[in-house]
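2 protein chains.
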Amino acid sequence: MTLEHSRKNPKRLGILISGRGSNMLALAEAVRENRIPNAEIVLVVSDNADAAGLSIAQDLGLNTVVIVRSGRNREEHEREILGALKEHEVDLVCLAGYMRLLSSDFINDFRNRILNIHPSLLPCFPGLDAQRQAIGHGVKWSGCTVHFVDETLDGGPIIAQRIVPVLDGDTEESLSARILVEEHRLYAEAVALVVRGDFDVLGRRVIAKM
Amino acid sequence: MTLEHSRKNPKRLGILISGRGSNMLALAEAVRENRIPNAEIVLVVSDNADAAGLSIAQDLGLNTVVIVRSGRNREEHEREILGALKEHEVDLVCLAGYMRLLSSDFINDFRNRILNIHPSLLPCFPGLDAQRQAIGHGVKWSGCTVHFVDETLDGGPIIAQRIVPVLDGDTEESLSARILVEEHRLYAEAVALVVRGDFDVLGRRVIAKM
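Order-wise, the sequence lines are chains A and B.
Note that my numbering has the first sequence beginning at 16, numbered continuously upward.
Note that my numbering has the second sequence beginning at 16, numbered continuously upward.
Hints should not be assumed to be uniformly reliable.
Copies of the same chain look alike in the list, so a pair counts if it works inside one copy or between any two.
Lysine to aspartate or glutamate pairs mimicking EDC-like chemistry, simulated, CA-CA at most 20 Å apart [as the list claims (entries may be wrong)]:
(1) K26 <-> E48
(2) K224 <-> E102
(3) K26 <-> D74
(4) K101 <-> D124
(5) K101 <-> E204
(6) K101 <-> E91
(7) K26 <-> D213
(8) K26 <-> E166
(9) K224 <-> D185
(10) K224 <-> E93
(11) K224 <-> D183
Derived by calculation from the structure, the hints in this document are not laboratory data.
Could you put together the complete structure from these sequences and hints?
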């Protein structure tokens, strides 16, 4: 792909949220400030009609759609989300506090094109309450991870990580706040890398192209 | 304990090795340079008569003893090691590449007085070949951990950790070398902290006294 061609065809990002969507906001700011060159956010999907992130997205002028599960099974719910992503020709799906596990079918449709951010140095402390897990375990360093989503819980290939110290006086809240600052920086860096496409996935290793 | 009193009674360190003992050398240098104030190394125990660290220890003028297992069961072997440690009135046991698991009886005799160093950011990658595990998993940061030894594999309360980046071109060897530099610094810092004694163990958290 020539630079000229790629400039004409920015990567189309879809963001899935369930709550405040602070990482969605960080990505939107990064796109606006050209820290994620050659990308545009074409759709924000929330599975929660009350998500605070929805009004933030609307304030930013982003397309939003609410797709609640409403008692349907996962497949039916996901089919509607996939439909919306494909209708908007989404290239890359960024999970930003999206609180549902995705099925294999969903993941296969976007293999190596779904990113998630997690508030720990994976593989340590996957799952819920990662910061609380870190505090409880007594680690001296934690951080955040952006990874490709596969069928495992927070276990897909790691794209990028940032570190933060855990201080003696830390609570779950103070550590979470310190990690969140790095999450916002990290997610933009990782999405920019994936949009550039100059990496290889070798086994589990995500490595810059030589 | 007054400063005057503590100066008269340096903490007596025993170091257990099985191989080259590079962390033993690092501790010996740190004691000599007063980076571990108020401590002396009174005994180096090797369970391997051919350990390269033995001649290094002798060159340093340290007391050494070889206690091989020689077909005995673990309890008998450990009893001889414990006897040597107690004969030399060891306060603190530092494992430095000691390749055997310690029994509950041993650990109970030196509860919160046995330290180990491990070449990963625990709880990630416990056990053997931690650096290879880190490379294979594709993490972007690794490091080393000094922890109290309990009955779990590399799972006791964490005293201190240092971090190193994992680079795209890293092999197990290059990552191990980068971590080893930090191990030598970290072990001295952690032993100095434990010798000072100004910390509390709250659950799994090792926290500086207020």
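Hint by hint, work out which the structure violates, then give me just those numbers in ascending order. 2, 3, 5, 8, 10
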